[in-house]
Amino acid sequence: MSEDGPEERLLLLSAGTDMEELDNEEKERKDSPRFSQADSALLYPASLSPAPDPLSHLGSLLAGGWDRRADQSYQSCQLPGREAHADQSVTILHAKVAQKSYGNEKRFFCPPPCVYIGGPGWRVMQNHLKAAGHGDAVYRVCGFLCLDNTSHSQADAYKLMFNEQPNSRMFASAKSLFISDQDKRKHFCLLLRLFLGNRQEVGSFQSRMIKVISKPSQKRQSMKNADLCISSCSRVALFNRLRSQTVSTRYLSVDRGAFIASAKQWTAFTIMLVEDQRNDHVDFVLSEGFICYGCVVQLVCSESGVALPPMVIRKVNKQHAFLDVDEPVSQLHKCAFQFRHDPNAYLCLSNDNIVQHLASPSLTDPLRVGLNDGSCWTIIGVEVVEFTFNQGSSCILTPVTPFPFICGLEVNGGGHVAMLEIYGENFSSHLKVWFGNSEAETMFKSPQSLLCVVPDISVFSDGWRCLRRVLTVPLALIRSDGLIYRTSFSFTYTPEIKPPPSRGTSGGGNREGGDGGRTAGRRPVRNHPSGVHQSQLPPVHTELGRPQVGSMVELFQRT
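Heads up: the sequence shown runs through residues 1 to 559, numbered per my numbering.
Think of the hints as simulated: they come from the structure by calculation, not from any bench.
Just so it is clear, CB atoms sit at the ideal spot from N, CA and C, and this is done for glycine as well.
Do not rely on the hints blindly, as some may be mistaken.
Between beta-carbon pairs, the in silico distance windows are [as the list claims (entries may be wrong)]:
id	residue 1	residue 2	range
1	GLY257	ASP342	18 to 28 Å
2	GLU410	ASP342	50 to 60 Å
3	LYS264	GLU425	31 to 41 Å
Within a straight-line C-alpha distance of at most 30 Å, the following computed BS3-like cross-link-like pairs (lysine-lysine) qualify [claimed, not checked]:
id	residue 1	residue 2
4	LYS215	LYS184
5	LYS211	LYS130
6	LYS184	LYS159
7	LYS334	LYS215
Modelling step: build the complete structure from the supplied sequences, incorporating the hints.
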């Protein structure tokens, strides 16, 4: 990062500034360089734009223009691409735990780690490479996935074969990854390396931490093993194995808005503990804590919002659901999901379809219910880590990694002088913090900390009138070569003429640090997420119904 350029001067509005000074400063701002509409849409999507208000100095995002006085070393960031939306994303989905393999056996990770590559930026990059005269093989993406302690040779990694999905994303999964007993680690990460066809490295992306276990715990879980328990609002995956055969593994998945049983792809679901069911199927109150057997839960697709109706989760052992067990649900436990509208109906798969199975009550134990293979699910916690960046049209030759992550924000000071300290990982002196389309003076403290000056709110205004509304701008990190790193964090300017929000502020004065809708601490009770669609009730499968009277008599005679 160059430090030779002129310092950026922020325009500070105060109550003591007279009208003539405001008019002069306004004229200077109109004469200064501005972002074009395409650049504004690139760094600050139009969906985040505040609505125009004649009573506020906040105009529309594109019509008013954005003030920017940039360091000369960051001139490449002014025009990172004329395409309004050229983001590129790499998403890794994987389980939170992995069973260790012993001897010659190979316990492949289940569900298998998978990678999604999406975003219009990949197509933009391909178009630019085509225009430069390169062949199809140059912009074709290939990847390798391995454990993080192995060498980077292709022989030690699983080669990913990407297939294009109907939604234009590329998908690949690593079905034969395992960890042997020679590896003594208790935790490890997955390492994804992506390349273009000309062997240019896109980057090396790391997964979340994965815990190594020997086998699923059958003991009642306690707080000592909280990392093995399934918590409310966490992500899980569900899979089923008919007759315990690996080749028959099917995953609960969502395809084009419908629930299916897939042998190739799995879906991450948010499992939510339902505290109080109301009259309709959509509005209900959620609760925090660990998921326990006998609780009412709902499974919501983390990506599409498609949901199953609230169901009671039951413990399963030897194809029987136990109705009196209330212990915490643990990783890789066998479980069943009982529909509330019919206590005998359970979530079940039939070939590739998701249906209701009408279970057979036990004739000897009223607290047990007999199930078929398709109604017995294995539950496991999963992680989803997403990397979103933007190269524009520059086709940056250096890898986009190490990828900086923001973990938290802390505001110091207030009024016209406020500092924002950013905590995270993989920070460097080549990064600058951007508030929306405004570059902030940034100081590198350590790989885990950046300090920046909060731009005055007048930078985002189209006039000098008083601020009458809350303004939230996204936070982004931009590398010195123009590479944009998207984050899920935002910064909120709160007008001083309004009382402070009841949920508290992150700093003094008229500024508030936020993180894109996520709260610093979870509330014990909250409303249903607005993104969840109307729940889907699977059909009853007639061939999987209750047993005939004759078979029940025979069962009773055998017992």
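Here is how each hint holds up against the structure:
1. GLY257 x ASP342: 18 to 28 Å: Taking Cβ atoms as reference, GLY257 and ASP342 lie about 24 Å apart, which means the hint holds.
2. GLU410 x ASP342: 50 to 60 Å: 51 Å, holds
3. LYS264 x GLU425: 31 to 41 Å: 33 Å, holds
4. LYS215 x LYS184: Since the Cα atoms of LYS215 and LYS184 sit roughly 15 Å apart, the hinted pair holds (cutoff 30 Å).
5. LYS211 x LYS130: 43 Å, violated
6. LYS184 x LYS159: Between LYS184 and LYS159 the Cα gap is close to 25 Å, so the pair holds against 30 Å.
7. LYS334 x LYS215: 13 Å, holds
Violated hints amount to a single one, hint 5; each of the other numbered hints is respected by the structure.
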